[in-house]
Each structure stands twice: as C-alpha cells, then as structure tokens.
Amino acid sequence: MAILELKNVSYSYNNLHHPVEAIKDMSHSFERGKVYAIVGKSGSGKSTLLSLLAGLDTPHSGKIFFEGIATADMDLDEYRRTCTAVIYQNFRLFPLLTALENVMYPMELCNLKGRKAENTAIGLLEKVALPVNARDRFPGMLSGGEQQRVAIARALSMNRRVILADEPTGNLDTENGDNIIEILINLAHEDNYCVLIATHDLNIIQKTDEVLYISDGKIAGHE
Amino acid sequence: MIFRNSVKNIIRSGKKTALFIILITILTSTLCLGLSIWISADQFLLECNANYMTIGLLEYMGPEYPDESVFDEGMSNAISDFDFSLISGNENVLLWERSARALGYIEGLVRTDVYAPLRESGVVIVSNIGNFNNYSPKIAVIEKSLFSTRNPDGKMVLIEPDGFELKPGRSYVLNGSFTTGKTSYMYFVVTPFVNKAASNGGFIGEDSIKADDITGKIPFSLSDESNIFNKIARTYSVINNSVSVHSTRNLNSLPDFHQQRLFIEKGRDFTTEEYESGAKVCIVSELVAASLGKGIGDSIELSIAISEDTPFFESYWVDSGFTHSGTYEITGICNSTGKMSYDVFIPANSDVDFTVNQIGYTLGQAVIANDRAGLFYDEINPLLPDRMRLTIYDQGYASVAEPFEKVRRIAFIITLACVIVSLAVLALFGFLFVYRQRDTADIMIKLGTGKRRVYRYFLYGSGLISLFAAALGSAAGFYLSGFATGLVNSTALNYSVSDTRYSIGSLSIQKPLEWIPDIEYGVFGLTALCLLLVSLISCLSFATVILARKNKKPRGKKRKPPLPSVKGLALSGISGGPFKYSLVSIFRGGQRSIITICVALSSVIFLNQLAHTSGGYNARLLEIYEDSVITGQFMDSGGIYHNKLSLEAFQLNDLYNSGYVDSLHLSREVPYYYLGRPDPKGEDENPLTFVLPKEFALETFLDKLTAGPKIIYTNSISASPEFIYSTGLSVEYLQGFDESFLAQKPDGIPNCLVSTDFMEETGSRPGDVIRVLIWTYKGIEHDMKIVGSYVKEGKKDNIYCQLGVYVDLDLLYSSDPGANEDLYSYYFDSANFVISDASKIDDFKTYLYDYGYSEVNNFRSIRQFIVLDDKSFNSMKNGIYQKIRHTKVLHPFLYTLTGIIAFVLSYLLIASRKKELALMRGLGAGKFTIFLSFFIEQALLCLIGCALGIAGWTLFAGRLDELQQLLALGYIACYFLGTATAIVIMNHTVVLSILNEED
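First to last, the sequence lines map onto chains A and B.
Numbering follows my numbering, with no gaps: position 45 of the first sequence is 45.
Numbering follows my numbering, with no gaps: position 647 of the second sequence is 647.
These are calculated hints, taken from the structure and not from any lab test.
Only a predicted model underlies this, so the values are computations on that prediction, with no experimental measurement involved.
Keep in mind that the hints are not guaranteed to be accurate.
Below, computed lysine-lysine pairings styled on BS3-like, alpha-carbon distance capped at 30 angstroms [said to hold, decoys possible]:
| hint | chain 1 | residue 1 | chain 2 | residue 2 |
| --- | --- | --- | --- | --- |
| 1 | B | Lys644 | B | Lys155 |
| 2 | A | Lys63 | B | Lys927 |
| 3 | B | Lys196 | B | Lys915 |
| 4 | A | Lys113 | B | Lys644 |
| 5 | B | Lys217 | B | Lys280 |
| 6 | B | Lys704 | A | Lys116 |
| 7 | A | Lys24 | B | Lys795 |
| 8 | B | Lys915 | A | Lys218 |
| 9 | A | Lys7 | A | Lys127 |
| 10 | A | Lys41 | B | Lys927 |
| 11 | A | Lys63 | A | Lys113 |
| 12 | A | Lys41 | B | Lys644 |
| 13 | B | Lys927 | A | Lys113 |
| 14 | A | Lys63 | B | Lys155 |
| 15 | B | Lys694 | A | Lys113 |
| 16 | B | Lys155 | A | Lys127 |
| 17 | B | Lys644 | B | Lys795 |
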C-alpha cells in the first residue's frame with residue numbers, strides 16, 4: 001500500500017502580477033522501503049512538490065493522502081510532527097541549539113522529554129555516525145556534512161516514516177554527499193522508510209529505486 | 001536612448017517613484033511654508049522692535065507721592081545711597097536717563113491757565129481796614145497788588161490775617177493767597193512766605209514774612225528792589241509764568257511721550273546730531289507757542305533755575321536768579337494736556353546738570369531692549385531699596401511680539417527639521433535610485449557605455465522625479481501659504497502666555513501693530529531649486545561611488561558572528577518545550593538579548609526622566625502658587641494715586657466675599673484737630689470742648705484742617721498709604737498690643753497709634769487718652785487711647801485708629817446681600833488686598849472683569865481701577881508654564897514614540913527570526929507552542945530590562961511615582977503587543993512562502 005499518494009494535485013503561487021502554477025494536476029503514489037528521485041529543471045516544481053508532501057501547505061486542488069487519509073483532513077502540525085520529515089539543502093538547524101538539542105527538539109514537541117529524549121537523540125546521532133564530540137556543538141561549529149547528519153538524525157526522530165530530502169547534498173563535497181545519500185538509501189532499504197530526494201545529481205539518481213521527471217509542474221515520466 | 005531607458009526605469013519602479021514624489025513634494029511644501037513664515041515672522045519682529053519702545057520707569061514711592069509741592073528728604077537720601085550704575089550698566093539697558101526737570105522761564109510768557117502754579121497767590125497792599133460783622137475777619141480795600149492774577153486793585157477784600165493784627169486806619173502789605181468765600185467779596189488769607197531756594201541761599205531768615213505795616217509809606221515804592229515784598233512779588237511772577245523744562249537724550253523715552261499723553265503736533269523730534277551735541281533747540285507745548293506767538297524755526301529766550309533739594313515751585317528766588325539761560329530754536333510743538341501744558345523739552349547738555357534739582361518722584365527711566373524687559377525687571381527689582389519702584393511700560397510689545405517669537409521659533413524648528421529630513425530623504429533617494437542599481441551600471445559599463453552616459457542615465461531619472469516633486473511641492477506651498485499664514489495669525493492672536501488683565505505689567509498703553517504676512521514668493525522657487533540640486537548632488541555622489549568601485553576588488557567574505565559558548569549553559573535540567581526554548585534563546589541570544597535588555601532599560605530610564613521632568617515642572621508651579629504673595633491695590637485711572645480714591649464700601653464688601661481675597665486692608669482718612677488730654681479723673685467737666693469758629697473763620701479753619709494731619713481708620717498700618725511702599729515701619733506698642741488691634745472691633749474707648757513727633761509735641765504717652773475734633777460734615781469730639789507710637793515717614797502726624805470706629809466690621813464683612821444697602825454711605829480712601837490663592841488669579845481677574853472694575857488705561861463700568869502686582873509671579877509662572885506647555889505637547893509625543901519604538905523593535909526582532917519560526921513550523925510545532933517560545937523569551941528580556949531600569953532609577957532618584965510606573969507598564973505593554981503581533985502575523989503566514997523567500 002502506498003504511504004503517500006497524490007491525486008490530481010495542483011498548486012500555484014500568488015504572484016501579484018502573474019499567478020504561477022507550480023504543480024499541475026499531478027498524481028502519483030509513493031511506497032515505503034523505496035528511494036525516489038525527483039528530477040527536473042530549476043523551477044520545474046520539485047521543491048514545491050516536496051513541500052506539499054511535507055504538509056507545509058495544502059494543494060489548491062486535488063488531494064494528498066497519507067496512508068489513505070487525506071492530509072487536508074489532518075492537523076497539519078501533527079502531520080509534520082509525526083508523519084513526515086524534511087531534509088533541506090542548507091540544513092536548517094536551530095543555530096542556538098546544540099546538535100543534540102536540535103535532534104531532541106521534535107521529540108520535545110511530542111512530549112518526549114528529559115533523559116529519554118536525550119538517549120534517543122544520542123542513538124540517532126550515532127546512527128548517522130556523528131562524532132561524539134560534535135553532539136554538544138552548535139551547528140555553526142560543525143562541518144556541512146556533520147550538519148546534514150544532524151538534520152537526518154532530526155528527521156529520524158519520532159519515527160516519521162517519510163523522509164523528504166530537498167537537494168540534500170547540494171552544499172556538500174562529493175565524499176560527504178555520498179555518505180549522506182548512503183544513509184538515506186539505507187534508511188529506505190533497511191528501515192523501511194519512504195525517501196524522496198529532489199536532486200540534479202546523476203550519481204544519486206542512479207542509486208534510487210524510482211525516478212520521477214518533473215517538467216513544468218507535471219510528471220513528465222518516471223522509471 | 002539613455003533618456004528613454006532612464007524614464008522607463010522610473011516608471012517601472014512605480015511604487016518607489018510615487019513614494020519619493022510624495023515625500024519630496026511634502027518636504028518641499030513644508031520647507032517652503034516653514035521658511036517663508038520664519039522670514040515673515042522675523043521681519044515682523046524687526047518691525048515690532050522699530051515700532052515699540054520699552055522703558056523701565058524708576059520712581060520713589062514717598063509718603064506724599066505723587067505730590068510735587070513737597071520736598072521729600074527720604075527720596076533725596078535714597079538717591080544719594082543708590083548706585084544708579086546698576087541700571088545704566090545693565091546689559092539689557094540701551095539708555096538710562098535720570099529724571100531731569102527744572103523750572104524755566106521764557107521772556108514774554110504770561111500764564112493764565114488753571115495750572116499756573118501761583119494762580120491764587122498774591123502780594124497786596126491794603127488799607128481802610130474794618131470789621132465786616134461780628135464773626136468775620138477784617139475787611140479792607142486792596143490799594144494795589146504787587147502780584148496777583150486776579151486784578152484786585154481797588155476792590156474790597158475780606159482778610160483772614162492769620163494772627164497778624166490789622167488795625168483800622170493803617171495800611172499793610174500782605175503775602176497770602178486768594179480763596180473763594182461764601183460772599184461775592186474776594187477773600188484773602190495771609191500766609192507766611194515760603195521759598196526753599198531763598199532759604200537755602202540765606203536770602204531770608206527764619207522769621208516768617210507775611211505782612212508789614214506800611215502806613216505812611218504809600219505810595220509803596222515798586223521800584224525799591226530791595227524790599228522783601230517786592231522781591232516776593234517778582235519771584236511769584238516768575239514762578240507763576242514758569243514752564244517745566246525737561247532735558248533728555250531721547251524724547252520718546254520720557255514717560256509722557258512714551259505713553260503718548262504727549263506727542264509732536266508740528267515740526268520734528270530732535271535729530272541724533274542735536275542730541276549728541278546738546279544743541280540749543282527745543283520742543284515746546286502748543287500753549288507755550290501760542291502764548292508767545294512763536295512757531296517752528298522761531299527762537300525763545302529760555303532761563304533755567306536749578307536749585308538743589310527744593311520743591312519745583314520753590315526752586316527760583318529773585319536774588320538767586322537763573323542758573324542758565326540761552327536762546328533756543330523751536331524745532332517742534334507738542335500738544336498741551338492737563339498739567340503738561342507749559343513744558344519745554346531740550347536735548348541734554350553736559351554743561352547743565354539737571355539731576356541735582358530732583359523734581360517730582362520720578363528718578364529716571366531706562367530704555368530697555370524690547371525682548372529683554374522681563375529679564376531686566378527680574379535683575380533690577382531685587383536690588384531696589386525701600387520705596388523705590390520699577391515699572392515696565394512696553395507699549396504692548398510683549399503681547400504683540402511674544403506670539404510671533406514663538407511662531408518664528410517653531411517655524412525655524414520646522415524648517416530645520418525639514419532640512420534634516422530632506423537631506424536624509426534625498427540621501428535615501430540617491431541610494432535607492434542609484435546605488436541599488438549598481439549592477440545595472442556595471443552591465444552598462446561592461447557593454448561599453450561611457451561613464452558620462454551612465455551618469456546621465458541616473459541623473460535624468462532622478463532629476464525628473466526631483467524636478468516634478470519640487471515643482472509640485474513649491475506650487476502646493478504657494479497655494480497653502482494663505483491658509484498657513486491665516487492659521488499662524490489666528491493662533492498668534494489667541495496666544496497668551498498669561499492673563500495680563502489688571503496686571504502691573506500692563507499699565508502701558510497698547511500700541512496696535514498688525515501682522516501683514518509678507519510672503520516672499522521667491523522663497524518657494526528657491527527652495528524647490530535647492531531641493532532639486534541637493535537631490536541631483538545626492539544621485540551624482542552615489543553614481544560617482546558606484547563608478548569608482550568598479551576597479552576595486554570585492555571585499556572578503558562577511559565575518560560570521562561569534563557563536564555562543566556552550567559552557568555554563570545549565571539548561572539540561574529544564575524540561576523541554578517553549579519555556580526551555582525561550583531560556584535557551586535568552587542565554588544564547590548574545591547581542592540580540594543584550595540589545596533588548598539595554599533598549600528596555602534605557603527606554604524606562606528615559607521615560608522616567610521625562611516623567612520626572614514633567615513632575616518637577618508641575619511641582620515647581622505648585623511651589624510658585626504656594627509661595628507667591630500677590631497683592632492688589634485700588635488706584636486712580638492713571639495707575640499713580642493709591643489714596644483719596646473714594647471707594648464704595650459695598651463694592652469692597654462684594655470683593656471680600658468673592659472668596660478670592662484675604663487681608664483686605666482699608667483706610668479712611670478724616671481730618672482732625674487735637675484738643676488735648678481729658679482729665680483721667682473726670683473732675684473737669686468737658687474741659688476740652690472746642691467751639692467752632694463761624695462763617696469765614698470756619699472756612700479758614702476747615703481749609704487748614706483739611707490740609708493738616710488725619711485720623712486714619714484702618715485695619716493695617718503697614719498697608720496704609722503712608723507705609724505701603726516702605727519696609728521700615730517702626731512701631732512701639734503698649735504691652736499686650738500689636739498691629740492686629742486695628743482690625744478688631746473697638747471695645748470702649750478706641751485705641752490708636754500716634755507718631756513719636758505727636759507725642760513729643762503734645763506731651764502725651766502710651767496709655768493716655770487724647771481728645772480730637774474730627775470733621776466729616778460736622779465736628780465731632782472723639783476720644784482715643786494711645787496704645788503705640790510709630791516713626792512717621794511722611795510730613796503729617798497722622799493718627800491710626802481702629803477701622804471699626806468708622807464702620808461696623810460685622811456689616812463691612814457681612815455676606816448678607818442686604819448689607820450692601822447699609823454700606824452705601826461708607827467710603828474708603830484706599831484699599832489693598834492679598835489674593836488668597838495665586839493659582840486662581842485668572843479666575844479672580846475674570847471676576848473683576850465681570851464685576852466691571854476698570855484697568856489702568858482701560859475703562860469699564862465701574863470707575864475703580866485695580867492693579868495687581870503679579871509681575872514677578874507672572875514672570876516665574878510663565879517661565880515654568882512654557883516648559884509645562886512644551887512638555888504637554890512634547891512628552892506625550894515622546895511617550896508615544898517610545899511606545900512605537902518598543903512595538904517596532906519587538907516586531908522586527910521577531911520578524912528577523914522568520915526562518916527560525918518557519919523551521920519550527922516545518923518540524924510540526926503548533927502555533928501556540930511557537931507563540932509561547934518567542935513570547936516568553938521576549939517578555940522575559942523586556943521585563944529584565946525594565947526591572948533593571950526601574951531599580952536603577954529608584955536607586956538614583958529614591959522613588960518611583962505613579963506616572964513612572966504607568967509609563968514602564970506602557971512600555972512593557974507596547975513591547976508585548978509588538979511581539980505578539982509579529983508572532984501572530986508570522987504564524988498566519990504560509991510556511992512554504994517563508995521558506996521560498998529564504999531560499
């Protein structure tokens with residue numbers, strides 16, 4: 001059964017002069033245990049698609065279903081808290097929280113606090129292979145690769161089954177990029193996550209299970 | 001092409017272009033209006049300065065003030081002791097002149113006017129002495145008059161010989177004065193000859209000269225110049241036909257010219273050269289000119305008699321002659337009015353020192369810089385000795401000019417503010433229209449466009465906007481100028497720092513001067529041109545900066561801000577959630593947190609300071625109200641006499657019951673004749689009964705009585721006319737008495753105070769009962785007990801008696817409206833009072849106005865003139881009131897501004913963390929969680945800052961008043977509101993759009 005499903009989803013930005021239709025009547029379904037590559041030119045609608053799937057906004061028409069339930073009928077805050085996680089190209093970590101605290105933050109939102117949350121966070125950071133001495137550092141003190149590991153660890157907290165990665169290696173060097181992609185692929189294949197990666201990188205595309213080509217807000221093809 | 005692209009650029013930046021057109025238009029028009037009103041107000045003030053003259057009149061308020069017929073020794077001493085250089089050397093004084101008057105004589109001038117000084121005097125030769133009837137004095141025939149204005153030769157005259165024995169069949173030469181009797185006969189009273197100049201010069205001895213038996217010497221030799229009566233007659237003739245000569249260095253500063261009682265009717269004022277050289281020119285009264293048959297350009301022979309320490313009409317004695325004489329050319333003729341009908345004005349000449357001849361009670365006048373009169377008064381008034389009074393006459397300058405001084409200041413501030421804002425706006429204009437297009441410039445240069453063209457590209461666009469906006473602003477200013485000047489004028493007309501009704505500060509005449517706004521329309525064009533030029537310079541400067549940067553290497557990467565230290569952050573113990581996040585943000589926020597705390601701290605201190613200043617002004621005003629003693633006085637229409645005013649008792653009763661005054665001091669004068677001390681044992685039956693003389697003798701008796709000392713029924717000796725301007729009153733009371741007895745109801749024999757001289761002359765002592773005859777419409781014998789003695793300052797041995805003897809005090813102070821009828825027959829000669837509550841002075845003035853009391857120079861329905869001595873009070877009050885007025889406008893503005901800053905700061909601090917908020921939303925944080933996370937953080941920071949501010953202020957000032965607490969709460973409320981608004985707005989923004997913005 002598809003964990004995520006798009007049905008005739010459309011979305012446009014309210015530009016004052018010209019409304020821009022970013023997603024046009026898009027339908028597709030995504031399953032757990034698979035890694036999806038979302039590919040397309042700049043401005044084709046990749047990031048918008050990921051954002052809609054992440055519950056950052058609702059489609060203007062059509063519906064998105066999570067495990068068969070329309071996201072429009074769900075509390076989007078809760079949906080974002082418990083169902084999906086986003087990994088951004090520029091990491092988006094809280095600058096004033098340490099690596100550990102950044103990972104703990106979503107847990108605390110779900111009332112998982114104190115030592116239990118801390119232990120869970122430490123486990124997640126170990127899982128993404130963040131060096132122990134980096135746990136209590138602020139994001140500004142970490143390398144790009146380390147920051148992205150923290151971002152992945154944060155995405156894994158609260159057991160959210162869909163990970164949406166928007167060009168996660170865009171700000172990383174090749175080695176770090178490869179490591180990150182490996183983590184994400186492992187998450188899908190070993191831990192049964194549904195991972196969607198928006199990317200231009202052919203190396204990544206080659207490692208994914210399914211590739212969706214987006215053009216002009218539509219799925220132009222998939223393989 | 002360059003022009004076209006430039007125009008396209010400004011059209012396509014529609015919002016920005018419109019914004020700057022509006023801004024520059026508003027600034028140009030405001031600047032034009034501010035500048036033109038400033039210039040116009042400045043010109044008007046210059047005109048005011050030229051049209052108005054402010055003088056400070058220094059007078060000596062002697063006990064006999066303003067009677068010029070007596071010589072006041074107290075004044076003479078005060079003049080010797082006072083350092084007049086305190087006035088002449090004062091920086092606010094433009095010219096100081098001691099009063100310089102002298103008796104003058106013009107050959108050929110004969111006075112027949114009612115003010116001729118010796119109109120009633122006479123030196124006559126009488127014979128055929130006889131008795132008119134049993135009660136009458138002597139009757140005689142005037143053989144010849146050596147001096148008289150009545151042409152009495154050959155006429156019968158009734159003579160009151162003043163103790164000189166006139167025997168029938170004898171002939172006498174008599175000195176005296178004619179009076180009006182009850183018959184058709186002339187009536188002549190023999191009096192001793194008095195002339196200070198003759199006495200001082202040793203020409204006459206101490207023996208009184210009043211009559212001489214000249215039987216057998218008739219015809220009396222008029223040619224015998226050595227005969228004393230001949231000398232007296234010749235002296236009388238000169239004095240009676242004399243003029244008052246005034247020497248001055250500025251005719252218009254003389255009080256009578258300044259107050260426009262006198263003005264030049266023909267000819268001209270003296271020229272500067274004439275003043276400087278002390279030229280022999282003069283301005284004469286029209287009656288002088290008419291009597292002499294002289295006109296402009298004619299000459300007069302003027303002789304001047306200067307004699308030290310003499311009354312005006314005793315400063316000439318025939319043997320002393322004149323001290324100066326000369327031929328003076330008439331350059332002008334002034335009007336004649338009342339006592340100022342025979343006057344001559346000459347430029348001051350260093351050869352003639354008039355000041356030794358102190359005439360009258362005017363010590364001098366200072367011409368003061370119009371706008372510094374208040375300062376001058378405040379500086380000099382405290383230095384004046386007892387009885388010296390300084391009065392400012394400004395011809396209404398203050399009421400006309402003060403509003404325009406404010407207008408000028410406000411216009412200047414507006415202009416200055418506009419200039420500053422214009423410079424800032426035009427700098428921003430250059431920045432946005434040029435500097436922000438540096439990429440465009442870069443591309444243009446790379447495409448081979450020459451620098452000149454790039455410059456033109458920028459200047460065309462910005463120039464067009466500036467030109468259009470400046471022209472529009474200038475035109476708007478032009479059309480608004482009428483409205484603005486009208487508004488200024490109406491504001492100025494309604495502007496009044498303080499209510500000057502009944503004030504001693506507004507005794508002056510009020511010269512009107514209307515502001516006719518003379519708007520310089522050239523200012524509008526010039527202002528527009530300046531703004532256009534500045535905008536072009538701004539754009540040119542930025543263009544130059546851009547083009548100069550093209551060759552420079554770009555700077556290195558921006559340094560990252562320092563990261564907070566993880567050490568010492570003991571937050572792990574706090575369970576997660578908004579509160580923890582808030583604390584983490586506070587402790588790790590670094591500069592952000594410190595700025596919030598500092599701003600809150602400094603804002604609270606700033607607000608406290610404002611409130612403290614405002615409270616200080618209010619407290620000072622209350623102090624002024626509490627400490628000020630404002631007195632009021634009834635005076636004559638000219639603001640000179642304060643006695644013999646015939647004030648109706650029922651009106652004073654109303655005044656007393658108005659609730660605005662306390663310490664109402666009244667006095668009523670009644671002539672008395674001392675009879676003696678009745679036998680305390682009462683053994684002699686009525687031994688001191690006085691038999692009034694009959695008919696003519698009664699008239700003589702009453703004349704003498706009227707001119708003599710008085711019983712003064714009063715409730716305060718210190719506030720009586722003799723002592724009101726003195727601080728040196730010396731009274732010795734019988735044990736158990738003080739001044740308050742005068743205000744008490746009499747019980748048995750009334751008590752009184754007599755002068756020490758009176759006690760010496762009559763041999764009386766404190767505790768004695770004296771009997772006097774008082775005369776109102778009939779003679780009444782009156783016993784009084786002496787309970788104290790005073791050292792007199794005037795000439796007369798007045799007796800101060802309890803007011804209750806004259807009028808029933810219960811009736812006088814009764815609040816029963818019916819009491820008025822019973823008071824109709826009572827009058828008082830003087831009245832003064834103290835205002836009970838200085839803060840209600842304006843209400844009191846309104847009461848006086850509504851009641852109908854007149855002001856000096858402003859007649860109303862009741863011809864009783866009241867002058868309030870509120871100049872110092874007004875000066876102090878105005879100083880503080882101005883500040884309060886400013887704070888009333890400025891402080892609310894600053895309070896609001898601080899509140900806005902708090903709101904904006906908190907809003908911006910949250911808005912700058914949009915990314916953080918979006919991330920929290922992206923991670924699934926609920927809106928309320930986010931709200932709490934940010935709000936708690938900002939609230940705590942704000943509260944910490946405010947608490948520190950309040951604590952600091954309390955430590956510094958010792959207290960925190962209600963307003964300060966409210967202001968701190970207001971600041972906190974604004975800050976909280978700004979924070980909450982920002983969070984709520986951002987919470988309602990779609991997260992996706994925030995993230996897209998960031999990306």
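*Hint numbers contradicted by this structure*: 1, 3, 4, 5, 6, 7, 9, 10, 11, 12, 14, 15 and 16
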